[in-house]
Amino acid sequence: MHNTEELTDRPQSEQVVAPVHHAHHRLGRSAVVVGALSLLLLVALGRLFDADQWLTHPGFRAWQTICVAIAVQALPFLLLGTVISGAVNAFVPAHAFSRILPRNPALAVPVASAAGVVLPGCECASVPVAGSLIRRGVTPAAAFAFLLSAPAVNPIVLASTAVAFPGSPEMVAARLTASLATSAAMGWMWLKLGRSDWLRMPPRHTGHKDGHSRWEEFRLGFQHDFLHAGGFLVLGAMAAATFNVTVPRSVLETFSGSAWLSVLFLAGLAVVLAVCSEADAFVAASLTGFSPTARLAFMVVGPMVDLKLIALQAGTFGRAFAVRFSTATAVTAVVCSALTGWWLL
Amino acid sequence: MKRTVQAALLLLTGAGVLRVSLFSDICLRYVKEGLQPFLIVSGVALVGLGLIGAVRDGLPCAERRRSGDAHRSEAAYAHEGHEGHGHDHSHGPRIAWLLLLPTLALLFFAPPALGSYTAARDNAKVVEDYSRFEPLPSRGPAPLSLTEFIARAQQDDRQSLMGRSVLLAGFVTPGKGGAWDLTRLLVACCAADSQSLTVTMHGVKAPPADTWVKVTGTWHPEGTLGTASAAIALDVTSLQRIPPPPSPYLDRVPVSNSVSPEAG
Chain A
430 MHNTEELTDR
440 PQSEQVVAPV
450 HHAHHRLGRS
460 AVVVGALSLL
470 LLVALGRLFD
480 ADQWLTHPGF
490 RAWQTICVAI
500 AVQALPFLLL
510 GTVISGAVNA
520 FVPAHAFSRI
530 LPRNPALAVP
540 VASAAGVVLP
550 GCECASVPVA
560 GSLIRRGVTP
570 AAAFAFLLSA
580 PAVNPIVLAS
590 TAVAFPGSPE
600 MVAARLTASL
610 ATSAAMGWMW
620 LKLGRSDWLR
630 MPPRHTGHKD
640 GHSRWEEFRL
650 GFQHDFLHAG
660 GFLVLGAMAA
670 ATFNVTVPRS
680 VLETFSGSAW
690 LSVLFLAGLA
700 VVLAVCSEAD
710 AFVAASLTGF
720 SPTARLAFMV
730 VGPMVDLKLI
740 ALQAGTFGRA
750 FAVRFSTATA
760 VTAVVCSALT
770 GWWLL
Chain B
230 MKRTVQAALL
240 LLTGAGVLRV
250 SLFSDICLRY
260 VKEGLQPFLI
270 VSGVALVGLG
280 LIGAVRDGLP
290 CAERRRSGDA
300 HRSEAAYAHE
310 GHEGHGHDHS
320 HGPRIAWLLL
330 LPTLALLFFA
340 PPALGSYTAA
350 RDNAKVVEDY
360 SRFEPLPSRG
370 PAPLSLTEFI
380 ARAQQDDRQS
390 LMGRSVLLAG
400 FVTPGKGGAW
410 DLTRLLVACC
420 AADSQSLTVT
430 MHGVKAPPAD
440 TWVKVTGTWH
450 PEGTLGTASA
460 AIALDVTSLQ
470 RIPPPPSPYL
480 DRVPVSNSVS
490 PEAG
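As given, the protein sequences belong to chains A and B, one line each in that order.
Residue numbering for the first sequence follows the working numbering, starting at 430 and increasing by one per position.
Residue numbering for the second sequence follows the working numbering, starting at 230 and increasing by one per position.
If you're looking for bench data, these hints aren't it; they were derived computationally from the structure.
Note that CB positions come from ideal geometry on N, CA and C, so glycine has one too.
Possibly wrong hints are sitting among the right ones.
[What the hints assert, rightly or not] Stretches of chain B that chain A covers, calculated by requiring three or more beta carbons in the stretch to come under 8 Å of a beta carbon on chain A: (1) 255-262; (2) 270-280; (3) 333-346; (4) 350-360; (5) 390-397; (6) 419-425; (7) 450-462.
Can you make the complete structure from the sequences, with help from the hints?
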């Protein structure tokens with residue numbers, strides 16, 4: 430169809446805008462339909478059983494608490510991310526980033542991975558920022574490398590990993606190595622295999638336009654980004670809370686015996702639990718029955734692929750992208766953690 | 230979603246965040262203490278941006294019509310798609326309606342802190358290795374955090390708990406067959422990553438689940454004290470209900486109340 434160049438440079442053209450808008454609206458509409466249906470289902474179930482008992486069931490209360498907790502916890506980071514992305518869109522000149530990054534995309538990828546160090550915070554901030562980088566002409570491969578590495582290799586996360594695993598600095602080194610390797614590998618993989626028609630970015634704020642106030646552009650861009658990403662965050666939080674409450678921790682023990690299964694199992698657990706990247710080291714430290722490599726996989730996969738992140742990516746880059754990209758990232762992250770664990774741990 | 234609705238939603242979200250972070254400590258049921266200042270900043274920013282939006286675009290029932298300036302009215306903005314701007318902000322994302330759920334929850338029925346339901350299912354927190362233990366106070370029941378009680382029971386080779394009366398606090402998690410545990414949940418970042426600390430109680434009937442209690446008692450002799458075989462359990466001599474603490478996920482040392490007569 431059309432490539433990303435067109436998306437960023439000629440967003441005005443009708444044929445680019447139309448299909449994207451359709452996808453966008455369809456997504457919004459299906460979300461509303463799903464929401465209305467589940468509300469109806471809830472009411473019906475409430476009628477069928479004893480509503481009071483059901484609504485105050487401790488499991489449902491715990492679900493509400495965890496759902497609200499994930500949303501509240503992520504909110505400051507999401508706000509930071511959308512403010513940065515709004516500012517990048519309104520104030521940074523169009524090709525500023527392309528001038529800083531190496532011209533050759535294959536070189537730009539590792540540079541972007543390493544640049545992830547500068548964005549302190551958890552994964553919710555990095556999705557809108559990566560989206561704004563692409564709109565500002567950064568090659569998508571480099572933006573994705575940044576998206577994956579930023580939540581995993583920033584100083585706050587590395588420090589909390591060191592605190593959670595006292596006396597084993599090799600765990601911090603392994604996390605840094607495996608995360609950088611995964612993000613660079615994914616960037617290069619996008620260069621080789623990625624197709625820009627998977628990317629369906631709502632062609633919003635395309636940078637400063639003459640005759641518009643930059644501040645007004647910033648405000649509207651931020652407002653749109655924040656509300657959009659916030660809605661997807663709530664969707665992801667609800668999914669993660671469901672798993673968090675329903676997955677009994679006793680299943681953990683059944684998998685800890687086998688080396689390979691335990692790596693895959695903890696990687697899967699990282700996806701469904703959606704623990705923030707600043708806290709996942711503490712959770713990994715408590716999974717004492719598992720091998721260090723399996724725990725490393727938990728910490729490498731978690732900040733790159735989890736339910737709330739998939740929801741956020743689907744909102745920012747489109748569903749077709751989020752599904753393919755998250756699957757590939759999960760596989761790459763497991764392979765990189767296994768190799769790094771075998772080498773360092 | 231109209232732009233007026235967007236401004237209203239920003240205002241509501243900001244108000245919800247401020248209600249649980251600035252005007253109360255409710256947010257401590259969901260996140261660690263260190264995040265509270267960031268929540269206040271976020272709430273203020275959201276309310277501020279919502280207000281600017283309300284002034285510029287109006288609110289749902291009081292839309293503002295702008296005329297004369299460079300901006301165009303809502304309708305003109307919507308039709309602008311094929312020239313100039315290339316997109317319209319007037320129809321915001323519908324998925325944003327989902328933000329209303331946690332916002333209304335924060336404003337009107339903030340869910341309670343996690344309790345016994347979660348504690349019974351969580352994985353136990355690993356108690357760190359203590360390098361040394363301070364001597365216990367010479368008189369009265371020694372107030373201990375659950376962490377320190379567990380550490381002393383399983384790590385202290387000088388067996389400082391032997392025959393000592395201690396004071397612990399936590400909430401009640403019912404076990405099987407009338408047994409019960411004194412528990413606390415600890416979080417590293419938010420309630421989704423909670424881990425539990427558990428001490429089994431012997432000698433008194435279980436209070437209702439989730440009640441916060443203060444108990445005094447002595448170590449329940451089972452296994453060898455000071456080794457990993459030591460039971461993490463207490464023979465309870467007295468029990469007192471206490472109000473839930475404002476920071477439910479911190480393992481604080483309980484405050485010992487006025488020295489009871491038999492304590493000296």
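Verification of the hints:
Check on the stretch 255-262 of chain B: 4 of its residues sit with their Cβ under 8 Å from a Cβ of chain A, so the three-residue criterion for coverage holds. Three residues within the 8 Å Cβ limit are the bar, and the stretch 270-280 of chain B against chain A gives 5, so the coverage statement holds. Only residues whose beta carbon comes within less than 8 Å of a beta carbon in chain A count, and the stretch 333-346 of chain B has 10; three or more means the coverage holds. Taking a C-beta to C-beta cut-off of 8 Å, the stretch 350-360 of chain B contributes 7 residues in contact with chain A, enough for the three needed, and the coverage statement holds.
Against chain A, the stretch 390-397 of chain B contributes 0 residues with a C-beta closer than 8 Å to a partner C-beta. That does not satisfy the three-residue criterion, and the hint is violated. With 5 residues having a Cβ less than 8 Å from any Cβ of chain A, the stretch 419-425 of chain B passes the three-residue criterion, so the hint holds. Three residues within the 8 Å Cβ limit are the bar, and the stretch 450-462 of chain B against chain A gives 0, so the coverage statement is violated.
Violation of the numbered hints given earlier is confined to hints 5 and 7; the remaining hints are satisfied by the structure.
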